[in-house]
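K.L.:
These protein sequences, in sequence, are chains P and R. Take the first sequence: its letters are residues 1 to 235, numbered as in the working numbering. Take the second sequence: its letters are residues 1 to 215, numbered as in the working numbering.
Treat the hints with care, as some may be off.
Said to hold, decoys possible - Pulled from the structure, derived: some chain R residues nowhere near chain P, Cβ distances all over 12 Å:
#1 Leu-33
#2 Arg-42
#3 Pro-58
#4 Glu-201
What the hints assert, rightly or not - One side only, chain P facing chain R, incomplete, derived with CB under 7 Å:
#5 Gly-27
#6 Ser-29
#7 Ser-76
#8 Phe-77
#9 Pro-78
#10 Gly-103
#11 Thr-172
#12 Arg-174
Simulated from the structure, these hints should not be mistaken for lab results. Quick caveat: nothing in here was measured; it's all calculated off a predicted structure. Glycine is no exception: its CB is placed at the ideal position from the N, C-alpha and C atoms.
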Amino acid sequence: MDKQVSSIPEAIADISDGATVMIGGFGASGSPIELIHALIDQGTRDLTVINNNTGNGEVGLAALIGNGQVRKMICSFPKSSQSKVFPELYSAGKIELELVPQGTLAERIRAAGAGIPAFYTPTTVGTVLAEGKESREFDGRRYVMEPWLQADFALIKSEVADRHGNLLYNKTARNFSPIMAMAATTTIVQSKRLVAPGEINPEHVVTPGIFVDRIVEVAQPVHEDTLIGQGRAYP
Amino acid sequence: MSIGWTREQMAARAAQDIADGAYVNLGIGIPELIAQFVPEGREFVYHTENGLLGMGPPPSEDEKDLDLMNAGKKYVTAAAGASYFHHADSFSMIRGGHIDVCVLGTMQVAENGDIANWSTGAPGAIPAVGGAMDLVQGVKQIYVITQHETKHGEPKLVERCSMPLTGPGVVSRIYTDLAVVEVTPDGFRLVELAPGISFDEVEQKTGAPILPPAR
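Chain P extracted, bound-state conformation:
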């Protein structure tokens, strides 16, 4: 079993127009820049993208959005220190937004990976974000029903991968990636290191390989903050 794919374009080639794509990362932390930039190069359009934010500056996810390739964002916080791409498109009515509280977003993604079509959460009860949602009482407290959140693809950044797809991450770059890896039909990983099976202690595996489909080794991944600090834009 060897899930390595030899190039990034090959890894993302079957992401087609209209796909739903989860992108790992919390802001810049853990963002798979090389995979995102390849998706920009490929020109795939009409995407629904699931991420905690909407990118920053004019690189990575912000560049994907700014290039007009995203029809809808599903996220918890579409603002950042240097974001103008999403606000401008949103104000012009050119991109849809589904705002999901961060914990609900995480659990909806996890539920999809876990085969659980819906769950109840106290989050949003008593607020405008609960409007129109089914709710129910459990033990005298009200909870809102939330459905799973599925995706065709997940773009993930990992620190170490083995050829079976077992993944390790790096510190707070982990964030949404393990649950997105579970949820998406096809999980595509860019990993800083690719090792042989057996080199990762089974005790330490964070994402078991069953959730992973394709791995590309990207030995020197660029960090979104670095690009923004350099004032870069993509393409």
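Fit chain R to the known structure of chain P by using the hints.
P.N.:
Chain R in isolation, oriented as in the chain P frame:
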């Protein structure tokens, strides 16, 4: 003339009310200062929603790690005994009632404990909520740190929030530049005045009735 508490003093005062060994989540802004004022002999364990428990002090220039940040996108360190985890686990800690105290800033707090700190409700503004609604529903105690009034002299402690709620009836304590205020079943109650501040001044600047300290 009013004196009141500085931001640092507000943070230090709030830190006094957090127990040794507490698991704490600090919101962005003044709450972050609490980490600098942990009382002698006490230890807090800081949770940051993007996947770190045991957040340590800010790093030196050499220590800065692009993959080690807090929820406010600032560089942090990991203290001894820290752990990393993914977002579903992070919000399990939050929503599942495992975190003892969350300290947040706010736009408004109501006398019944409602909090409005995610949206001004202004038409056309891009809505953004992050983890705030999860935090206020799940964490055991919600403390608020805020200036008593807005920059324009309007009260932030009000009868009912005019802005969209983050959560209903969730706040237990409020630390302002003028006072410490408790939210009780009978409304706001003064706990402590800042130096040089009178009860009358606090009463005037609060947009709801405020009871004197309990005897």
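K.L.:
Give a verdict on every hint.
P.N.:
Against the structure, the hints:
Every CB of chain P lies more than 12 Å from the CB of R:Leu-33, the least distance being 20 Å, so the non-interface label holds. For R:Arg-42, the non-interface assignment is confirmed: its Cβ lies about 25 Å from the closest Cβ of chain P, beyond the 12 Å cut-off. Against the 12 Å criterion, R:Pro-58 stays outside the reach of chain P, whose nearest CB is about 14 Å from its own CB. Every beta carbon of chain P lies more than 12 Å from that of R:Glu-201, the smallest distance being close to 32 Å; the non-interface claim holds.
A distance limit of 7 Å between C-beta atoms decides the matter here; for P:Gly-27 the minimum to chain R is near 5 Å, and the interface restraint holds. The restraint placing P:Ser-29 at the interface with chain R holds, with a minimum CB-CB distance near 5 Å, inside the 7 Å limit. Given hint, P:Ser-76 at the interface with chain R, holds; its Cβ is 5 Å from that chain's nearest Cβ, closer than 7 Å. The criterion of a C-beta within 7 Å of any C-beta in chain R is met by P:Phe-77, whose closest approach is roughly 4 Å, and the hint holds.
Evaluation of the P:Pro-78 hint against chain R yields a held restraint, the C-beta minimum of about 6 Å falling below 7 Å. This hint holds: P:Gly-103 has a C-beta 3 Å from the nearest C-beta of chain R, less than the 7 Å allowed. The interface hint given for P:Thr-172 is met, as the beta carbon of that residue sits about 5 Å from the closest beta carbon of chain R, less than 7 Å. Restraint check, P:Arg-174 versus chain R: the minimum CB separation of about 5 Å is within 7 Å; hint holds.
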